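Respectively, the protein sequence lines represent chains Y and R.
Each residue of the first sequence is one higher than the one before, counting from 136 in the working numbering.
Each residue of the second sequence is one higher than the one before, counting from 136 in the working numbering.
A hint or two may mislead.
One copy or any two copies: either way a pair holds, since identical chains are not told apart in the list.
As the list claims (entries may be wrong) - Below, in silico cross-link-like pairs of lysine-lysine (DSBU-like), each with a Cα-Cα straight-line distance of 35 Å or less: (1) Lys-152 x Lys-221; (2) Lys-137 x Lys-207; (3) Lys-365 x Lys-322; (4) Lys-228 x Lys-248; (5) Lys-151 x Lys-137; (6) Lys-207 x Lys-151; (7) Lys-267 x Lys-195; (8) Lys-267 x Lys-207; (9) Lys-195 x Lys-299; (10) Lys-267 x Lys-248; (11) Lys-195 x Lys-367; (12) Lys-221 x Lys-190; (13) Lys-190 x Lys-137.
It is worth saying that the hints were derived from the structure and are not from the lab.
Note that this is a predicted model, so its numbers are computed, not measured.
There are 2 protein chains.
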Amino acid sequence: MKIDVCTSPALYSFYKKEGDIVIVVDIFRATTTICAAFTNGAGSIIPVANIEEAKRYKSKGYLVGAERNTQKCDFADFGNSPFEYKASIVDGKDIVFTTTNGTHAIESAQGCKELYIGAFSNMHNLVEKCAKKTERIVVICSGWNNRINLEDTLFAGAFVEEMKLRTMVEADSDALLIALNLWISAKENPLQFVKVSEHYRRLQLHGFEDEAEYCLTQNTTTVVPYYDIKNKLLRV
Amino acid sequence: MKIDVCTSPALYSFYKKEGDIVIVVDIFRATTTICAAFTNGAGSIIPVANIEEAKRYKSKGYLVGAERNTQKCDFADFGNSPFEYKASIVDGKDIVFTTTNGTHAIESAQGCKELYIGAFSNMHNLVEKCAKKTERIVVICSGWNNRINLEDTLFAGAFVEEMKLRTMVEADSDALLIALNLWISAKENPLQFVKVSEHYRRLQLHGFEDEAEYCLTQNTTTVVPYYDIKNKLLRV
Chain Y
136 MKIDVCTSPA
146 LYSFYKKEGD
156 IVIVVDIFRA
166 TTTICAAFTN
176 GAGSIIPVAN
186 IEEAKRYKSK
196 GYLVGAERNT
206 QKCDFADFGN
216 SPFEYKASIV
226 DGKDIVFTTT
236 NGTHAIESAQ
246 GCKELYIGAF
256 SNMHNLVEKC
266 AKKTERIVVI
276 CSGWNNRINL
286 EDTLFAGAFV
296 EEMKLRTMVE
306 ADSDALLIAL
316 NLWISAKENP
326 LQFVKVSEHY
336 RRLQLHGFED
346 EAEYCLTQNT
356 TTVVPYYDIK
366 NKLLRV
Chain R
136 MKIDVCTSPA
146 LYSFYKKEGD
156 IVIVVDIFRA
166 TTTICAAFTN
176 GAGSIIPVAN
186 IEEAKRYKSK
196 GYLVGAERNT
206 QKCDFADFGN
216 SPFEYKASIV
226 DGKDIVFTTT
236 NGTHAIESAQ
246 GCKELYIGAF
256 SNMHNLVEKC
266 AKKTERIVVI
276 CSGWNNRINL
286 EDTLFAGAFV
296 EEMKLRTMVE
306 ADSDALLIAL
316 NLWISAKENP
326 LQFVKVSEHY
336 RRLQLHGFED
346 EAEYCLTQNT
356 TTVVPYYDIK
366 NKLLRV
């Protein structure tokens with residue numbers, strides 16, 4: 136099986152191939168939060184790239200999650216914390232969602248054959264699903280404003296390692312090798328490893344350290360959200 | 136001192152800041168070859184981004200180095216091998232140079248305050264020069280068709296490690312941390328480490344393994360080529 140790793144949404148056009156299956160990852164925190172919302176019963180999540188579109192949905196009565204630069208937008212019901220999307224609020228609901236980086240990465244992958252949401256929290260079931268595929272799989276790291284980041288690259292490395300335990304992986308991409316090498320250095324204590332990262336320090340500044348720990352914990356959920364291309368929304 | 140690492144020319148707009156000093160690196164092989172040509176007495180190197188421009192210079196009598204996809208272009212005097220630019224041919228000459236990735240990276244950095252050419256071959260003197268600067272330094276990895284690569288990222292990590300031995304470095308960029316981590320994994324035997332890389336395999340296919348070894352060897356030259364912004368050419 137061929138796997139590749141694209142370390143920034145801005146690079147995807149250089150990695151893209153017809154028929155790719157794409158895994159979008161934004162560990163801190165969009166894709167972890169999407170998994171948490173579905174775990175708590177959300178019916179669908181409509182990713183939108185800009186605030187104006189999110190506001191239009193809000194005025195129509197939708198629940199809206201909106202974050203920019205680590206903080207919840209004033210008009211929204213939720214920010215980008217996986218802890219906010221509680222079953223008592225989201226169960227059975229369609230939620231509109233826009234974040235600094237994660238929803239941008241989903242947009243950049245439009246045109247792929249299938250798109251799944253990846254996080255440490257759903258690693259096991261994501262890998263189980265991907266190991267059955269025959270298509271090339273590309274992990275797109277959301278990064279931070281198109282800059283590459285530590286935590287998404289770590290996820291890519293962890294994903295590749297797990298895939299290699301289940302199937303033959305052609306590890307012929309330099310970006311994949313870099314991600315795998317990074318994960319091998321970090322895996323004994325990923326939380327400690329990312330404490331020097333740009334985003335961890337941003338989370339810390341806002342008192343979100345507990346979330347960082349949750350976002351790096353593997354297999355806390357079984358959901359594997361996918362993008363329903365026709366209806367432009369995420370489902371499980 | 137602030138240092139950042141930009142792992143692909145296509146990402147530079149997201150890393151760029153006013154007043155940056157830029158180090159352009161294309162280990163396999165453009166920046167190693169540029170250093171070799173100056174070591175052997177070249178007067179200047181005129182980097183051009185496309186083949187047509189290189190052909191126009193050739194018709195005016197210039198010596199031309201031109202490579203695409205690892206191979207020398209038919210019309211050119213040299214390809215992209217550091218071994219071709221011998222003193223008997225290049226001493227005192229102005230050379231026009233276009234390669235798949237390296238000259239593209241130089242173009243992408245236009246607008247920076249100063250631009251230097253980095254390679255393992257000139258590491259010591261490059262670091263000596265950079266350690267005296269007060270501006271932010273950004274290493275731009277040329278990559279391969281805007282995809283990130285192992286050898287340029289390794290150089291970035293090695294450069295950061297050397298800089299840290301000489302001055303206080305603010306290591307607050309995730310890309311820098313990834314590059315440094317990669318170099319620490321590889322530095323005992325960089326040649327062995329890159330043997331799995333995409334570009335090493337391309338070089339191997341064309342019988343250029345000796346060049347790969349040379350390109351990864353530190354401190355074989357003292358030149359630190361810089362880009363003369365006014366005249367759009369490289370000098371020492």
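Practice item. If any of the earlier hints don't hold here, list their numbers in rising order. Key: Violated hints: 1, 3, 7, 8, 9 and 13; rest satisfied.
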